Each structure stands twice: as C-alpha cells, then as structure tokens.
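Enquirer: Here's the letter readout for the chains.
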Amino acid sequence: MSVGPLHFMALAAVLFSLGLYGVLSRKSTIMTLMCLELMANAVNINLVAFSHYRTPALMTGQMFAVFSMVVSAAEIGLGLALVLAIYRLRKTVELDAMQELKG
Amino acid sequence: MSETVSPVMFLILAFATIGGAVMMLSTRNVVHAAFWLLEIMVATAGLYLLLSAEFLALVQVLVYAGAVSVLVLFVIMLTLRRREDAIRPYEPSWAGTIIAALFLGALYMAITRFVPVIAEMPEKVPGVADFGREMFTTWMLPFEVASLVLLAALVGAVWWSKGGDGR
Amino acid sequence: MGYVLAIPLLPAAAFAVLAPLSRRLRNGAIAVSVGAVALSFLLSIVAFVATLPGGHEAEAAYHAFVPFAHVGDAVLGAGLLLDPISASMLLVVTLVSLCVQVYSIGYMHRDERIGWYYAVLSLFTAAMLTLVLSDNFLQLYAAWEVMGLCSYLLIGFWHEQEAPRKASLKAFLTTRVGDIGFAIGLLVMFNTAGTFDFATVLHGMEWAPQTATAIALLFLFGAMGKSAQFPLHVWLPDAMAGPTPASALIHAATMVAAGVYLVARALPIFEASGVALTVTLIVGSVTALAAGLLASVQHDIKKVLAYSTISQLGYMFVALGAGGLVAGMFHLVTHAFFKSLLFLGAGVIIHAAHTQDMREMGGLGKHLKVTTVTFTIGSLALAGVFPFSGFWSKDEILTVLLHEGHYVALAISLLAAFVTAYYVARLWFRVFIGPQQTSDLHEAHNEMLIPMGVLAAVTVVVGFASPAFAHFLGHEGEWPALGMALGSSAVAASGLLLGWFMYGRRTKVINTRAIKQRVDYVYGALVNKLYLDLTYEYFIVRPYQRHAAWLGRFDSNVIDGVVNGAGRSWRALAAVGWRFDASVVDGAVNGLGQLVKSAGGRVRRLQVGRVQTYQGLVVGVLVALMLWIVVKGV
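Protein chains in written order, with this note's numbering: chain Y, 1 to 103; chain F, 1001 to 1167; chain D, 2001 to 2634.
Among the hints, erroneous ones may be present.
In silico negatives: residues of chain Y with every beta carbon more than 10 Å from chain D [said to hold, decoys possible]: (1) P5; (2) S25; (3) F50; (4) T60; (5) F64; (6) S68; (7) Y87; (8) L95.
Subject to a maximum C-alpha distance of 20 Å in a straight line, what follows is the list of computed EDC-like cross-link-like pairs (lysine to aspartate or glutamate) [unchecked claim]: (9) F:K1124 <-> D:D2073; (10) D:K2366 <-> D:E2443; (11) Y:K27 <-> F:E1084; (12) D:K2166 <-> D:E2360; (13) F:K1124 <-> F:E1039; (14) Y:K91 <-> F:D1085; (15) Y:K27 <-> F:D1085; (16) F:K1162 <-> Y:E75; (17) D:K2170 <-> D:E2160; (18) D:K2170 <-> D:E2145; (19) Y:K27 <-> Y:E94; (20) Y:K91 <-> F:E1084; (21) Y:K27 <-> F:E1091; (22) D:K2303 <-> D:E2162; (23) F:K1124 <-> F:E1134; (24) D:K2366 <-> D:E2404.
A few chain D residues that don't get close to chain Y, going by computed Cβ distances all over 12 Å [unchecked claim]: (25) A2038; (26) A2272; (27) H2475; (28) R2571; (29) V2611; (30) V2619.
Everything labelled a hint here was simulated from the structure, so no lab data went into it.
For clarity, every value in this text was computed on a predicted model and none was experimentally measured.
The beta-carbon is built from N, C-alpha and C at its ideal position, and this holds for glycine as well.
Throw the hints in and build the complete structure from the sequences for me.
Expert: Right, dumping it as structure tokens:
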C-alpha cells in the first residue's frame, strides 16, 4: 500500500467531523474552542498533504498552513481572553448561561 | 524524509490523531481533554514530518503543543473554582451527531470522486532553507500582514483579559 | 537480535496500558508492570550473554537505527546500541527495577494510587533502558528528560503534603539548571560534528582541544545536575520525601547514575580536552568528601543514605576524572546494588519504627532479623569491607588514582572512605543496637524481604567479578594490589572503630552536645548543609522574585498606560462619530428599523438564544448545500 493524498484527506475529514460534533455538542466554551482547534488542525493536515503531493517544489500548501496557523493562534488567544472576560462577568463559562440573543 | 510516505508510520499517526480526538470528546474531564488535544497536536506534527514539512512540524510543536495547550490549561485552571468542576456531565447531542455524520458523508462522497493529480517530487527534496527562502521572497507581503494580525490579537487579548473597558 | 528492542519497549507498553487505567487497576497494575520488567530482565540476560566475551567498546554486538528526520545533511533518528557498557547497564537497571517493583507490592499496597505509582515506575524503567541503549546523544538527552519528569512525579507522589511538593519542584528545577548546560553542549557538538552518533563523535573524529573542552564541560554540568554533584546536589536530600522504593530505584541506583554514565560514554571527548578531566576530578573529590561529612551529621536515616549516595557518585566522578572508565563503571554497578539494598532496608526500618529519625530508633536488631542481616551486608559494602562489593570497586578507584599520580585526589578519597566508614557505623549502631524505643516491631512481608535477599546476594558476589568486568569492557583487569587493599581496609576499619567508639559503646545517652561545643563552627556548617541552600535562597531565589516584582510594576505602569491611552483615544474618536450618528444616520435607520421590526416579529421564534442552535442551523444548511453539490455532481 502506498499512502496517497486521498488517505490524508480521509483522515482530515474524520478529524474535522469529530471537531464539528464537539463544537455542536459541548456546553463549555473552553471545550468548544478546543474543538475549533481540532477542526483547524484537520484543515492544516489537508493543506500540507496537498503541498506534498501537488506542489512539492513551491511548497504553496505549506505557506497556507503557516498563515492558517497564525490565524488560529490569534483566534485561540482572543477566544480564551474572551472566555476569561466572560467568566469575570458572570462566574461561569457555560454556553447555556449566555442567552442574550434570545428574541 | 523520503518522497514516499511510510504506510506503517501513517497508520500509527492516523490512529493516534483520531483516537486522541475520540478520547478528547469522550472524556468527561476538561483537563484530560486538554491533554488529549496536546496528544493530537504532537501526532499531527509527526504527520507533517511524514510529509517532509519539517519546519511546519517544528512550528506545530512550538505553537500548538507548547503555547496553545498551556494557554488552554491556564484558562481551565483559572475558570475552575473547585477540582470537581473539571468533571462535566455527559452531553450527547443528537442534532450534532446527525449533522456531523451527514457532513462526513458529504465529504466522503466528494473524496471518492476526487481524482488526485500527483506531481513529481523534485530531485532534491526542498528543506527548511528552501522554505525560508520562499517565505521571505514570494510570500513576503502575507508574512508581514500575518505579523500585524498577531500584534492586533496580542493587544486585543491583553485588553480583554484585563477586564476590558471597565478598568 | 531484534529482541533488544523489546527490552525498553516492554516497560513502555506497560506504562501505555497503565496510565489511562491507573485508577481502576490495583493488582492488575502490579501484574502488568512487574511482568513487563521481569521479561525485560530475562531478555537483558540474553542480550548480556550475546555480548560475551566482550571486548573493546567500539565493537557493538548489535546496532539498529531508524531515521526520523533530515536536517540539512544530518540525519536524526533513534537507534539501539548493544555493547559491553550498555549490556552491563541493562542488567543493573532491570534487576534493580525488578527488585524495587516486587518490594513495592508490600510497601505501597495500602496506597490509593498504586496504579499510577506503577505506571510511573514503568515509564521510568523504559526511559532508563532507552538511555543506556542509545546510539546517539540526542536520544540519550530525550530519555534523560523523561527520567527527570518521572523523578518529579515520584518525589511529589504524595502531593497532598507540603514537603514532597516543594521537594519535587526543587529537584526538577535544579536538574534543569544542569540540563541547560547539557543542551548547549549538544548544540555545540552538532554545530561542530554535524551529528550526534556515538560512532562518529566518540571514535570517528579528531576534536580540537578547545571545542572538546567546551562540550565536555557543558556535558559535565548536565551530569552534575543529574548526579547531584557539588554544588548542584541540593535537590537529592530533599528528594527523599518521595516513596522509599522509588528513592531506591531513582535516587540511588539508576537515574542519578545517568550522569556518571553520560561522562563515561563521552570519555573520549573528555580525554581530548584534558582540562575537563581535571575539572571532573576536582568536582568528584570535593563532592565525595563534602557529602560524606554532611552524611555524618544527619539524623534522618534516608538523608544519611542520600548524602552517602552523593558522596559515592562523587567517587565515580573521581574515577572517570582520572581516566578510569572501568573503575568508575564498576563502582556504578556495585553501588547500584548495595545502595538500593540499603534504601529498601531503610524502608522496612521506617515502616517498623514509624519514624525516620535515627534518634528515636534503636534495638531493632533483635526483631528484624532478615532486615538486619541484609542491611549489614549493604553497610559493610558501603564502608568498603572485604569481601563485599564496595571494597573491590573502591580499591579499583584508589588504584587508578595511584597509577595516574593524582596523589591529592587519592588522599581526599582515602579521607572520604574514612568518613564513609564512620557514618555507616554511626547509622548501624544507632538503628540496630542500643535501647529499644518503639514497641510492636514486626518484620516485613516476604515480597519485601525476597528482593532484599536477592540484592544482598548480588552484593556479596559481584565484587569478585572485578577483573572479569575489566576484560568485558576491553581493558586489562587485575586484582587489587595487596598493599592498597590493606591500606584501604585499615582506613575503613578505623572509621568503623571511631563510629563504634562514639555510638556503639554501651552508654545510655549519646553525648553529642559535648562534641558539638568543641567543634561548633564546623558542626554548624555541616548541619546547615554548608549554607548552600541559604546561598541559593539569597543570591538566586530572592533576586529572581525581586526582579519579577519589578517587571510586574513595569507591566502595570508602562504597558498598561500605553494600552489604556490607545483605548481612551479610540473612545474620543467614537464620541465624535456618535454625534454624527445620532443626528443624521438615526433618522434614516429608524424608519428602516420599523420595517425590520415588524418583519422580525415573525422570525423571532427561531431565536432561542442558544449559540449552539445557531451553529447547528448554519452548519446544517452548509451540509445540505454540500450534499446537493456532491449528489448533483457539479
């Protein structure tokens, strides 16, 4: 068996779906953020795999992955800061406790 | 790493990532979940090594396994008042399961129809040095923009975590 | 020879099984862990036999290498190297680990977290075996760090209490200081040689003396942290807050010997430097004597043994500093056996007497028969009495010093041997002889006594392997000369006699106060551990805290000022915008708003306010779109 891009795509798809399930089901903000990281990670695996199989010399996919990492690092930093701010305000990090958007 | 990806290593690492994700979602303890996330990130770094992306593997370990995991753990510790708060109730979600399964199915159908075109590996596998050259020539502008994004995120994170406008 | 891989892999697998299940398993954890290390031990015997009859260290009996990554032209990877040095270390590590794990069945059986305890012991064993089987310095460093982690976890095993928690942090941080030296040394090595391979780095290239000195001194610094050499020894006595069997394995027999092993492996680099050898010699002899003196004033039985370990490790450094690879390694081997034996015995004694303070012990000899016999064997070996193993290895070290002409080091070593015999006698007489102070003394269970018996038997016989061991490592081996043997025996005997004179005679109250008054300054310095902890407190910990506080003030005054200023100017800008907003835009918006409001009233039922419902809706629509695209086959 030789490992091709399809295998990596399948792996990434499974990881992404697991992360998606987590985002939709967890009620803790921190867990939700962690699952978001998992999804971003799946995307990066795809990017690097494409880079390896499609543009090995130019490394375009790797460049994309680097910028994707920058953005998700910024996201997790801001997200966790928000969690802290929310926690300070209401002493909880449960998503269910935040229902101001109710119409 | 050579051009061909070792199937054994791939299987081991795929098992490690997916198994880690399943464990992360099935454990009831938030702290344990954070450690499983760390395991997933390290296994992903291994996948990058398999794909001859050494620099990305290093960055993955530094940024995700190092910084992000520690940050997540810190926030967990800061927002827990008692040790027992780390244990959470089971929270299965039918809607979530159905949507995620449908999503996976759609992706599966898309992947099976996808015919990959594989480019030839050049004689000399590009290494970290080539990556650096590429980054600071072709990708110079995006690189600078990315640094601005990080700076903005840094200031924003400090601002918010200090309590925002109030103080 | 592929089975060599299984030797470190079996305990590693045991850890992988036990770590997630540690809360549920008790007897199962014991079975898995002990079974794995027992199999490793059997395989180590096979591997040891395969390396017979030994020979020069460069000829490996087995070598395998798996590349992991290419950095430039260099190949990084993991390898297994089985040669005489690693084969003998394998035997020592697996045998001591097996004994300690069997002993722990009895010692730890009441503990709640016994599963976790065995998991960490397995991880530690795996790391130590990986370390001795490494074929390159990078892998050695990785295993080295894993052991540091295990040591931290085991010292702080009873983390509900204050002392173990503090001790584990102190141990971790102090050894980290040394590890930084080791890491920089690795970088220098990689920069010069372009590889970490033993074969290339140790035997395949000529080192420039300056480079060799830099690398060797940095490595030595790392080894001083790990092997608790002066002045980085402060963590080891505190580390005794951990469970006693773990101390026997990690802080007596194996992990602390890793520093010695590192120097022994890198000895060609040390020899290329010359200066580094001298430094090793000085560090070793200072440690051997100073730690021996410190051991003679401690009252805690485990701390006496801890300082004794530091002192004996100093001996090994002395041997290596004189270029005596065989002598250093042989002392490592014999010391591993008799010191773990002493620690296991101390565990039984502490259990029986319900105290660690030797002043509250006494008269245990009548009740703990087996422990007394085995502990005595260990004590005599430590004191260097013929024919126990310590005698042979100590004599080898002294012979090397004599041959190489290091007379000052020889004198210091003899003095240290005298001190060693003295504190051994002090310990022995205090614990086993004298008035009995505790009632209901009882001997330990068999699963604790059998490992001690095994170690005692090894301690008795292993000394006679002295010339054979030298041949095995590919060197000339001889029995110690009669003159040296008699001289060192005389030194040991006089030390024991002094100990008997002060603690063994049938006096009812031991009058240490009189001695204290006579040598007040010396005694004070020794009791305060040569003031080293205080020095560190004043010159490192306090300034660090002050600096941190200063940084904190800087943070809240300067940086916050900048951020707040930015925020304020943004608000001012917003105020200007607001005025425009209120007058012009609002008018337009309000009209539109009315429209939206009436429409919104109808959609409002969708707005349940749960974020996840929104997410689910968004993703659901996205998935429907994707399915449509895929099924239609655009």
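Enquirer: Given the hinted pair D:K2303 and D:E2162, is their Cα-Cα distance within 20 Å?
Expert: holds (18 Å)
Enquirer: For a C-alpha distance cap of 20 Å, please report whether F:K1162 and Y:E75 respect it.
Expert: holds (17 Å)
Enquirer: Is the hinted pair D:K2170 and D:E2160 satisfied, with a Cα-Cα distance of at most 20 Å?
Expert: holds (16 Å)
Enquirer: May I ask you to check that D:V2619 keeps its beta-carbon over 12 Å from the closest beta-carbon of chain Y?
Expert: violated (7 Å)
Enquirer: Hey, F:K1124 versus F:E1134, does the alpha-carbon distance stay inside 20 Å?
Expert: Roughly 15 Å separates the two Cα atoms, so the pair holds.
Enquirer: Can the restraint linking Y:K27 and F:D1085 be considered satisfied, given a maximum Cα separation of 20 Å?
Expert: holds (13 Å)
Enquirer: For a C-alpha distance cap of 20 Å, please report whether D:K2170 and D:E2145 respect it.
Expert: holds (15 Å)
Enquirer: Y:P5 clear of chain D by more than 10 Å, beta carbon to beta carbon?
Expert: holds (18 Å)
Enquirer: If I take the minimum Cβ distance from Y:F64 to any residue of chain D, is it greater than 10 Å?
Expert: Non-interface label stands for Y:F64: nearest chain D Cβ at 21 Å, farther than 10 Å.
Enquirer: Would the pair D:K2166 and D:E2360 pass a check requiring their Cα atoms to be no farther apart than 20 Å?
Expert: violated (26 Å)
Enquirer: Are the Cα atoms of D:K2366 and D:E2443 separated by 20 Å or less?
Expert: holds (10 Å)
Enquirer: Mind checking the alpha carbons of Y:K91 and F:E1084 for me, to see if they're no more than 20 Å apart?
Expert: Cα-Cα ~16 Å, so holds.
Going down the numbered hints, you'll see the structure goes against 2, 8, 12, 13, 24, 29 and 30, while the others check out.
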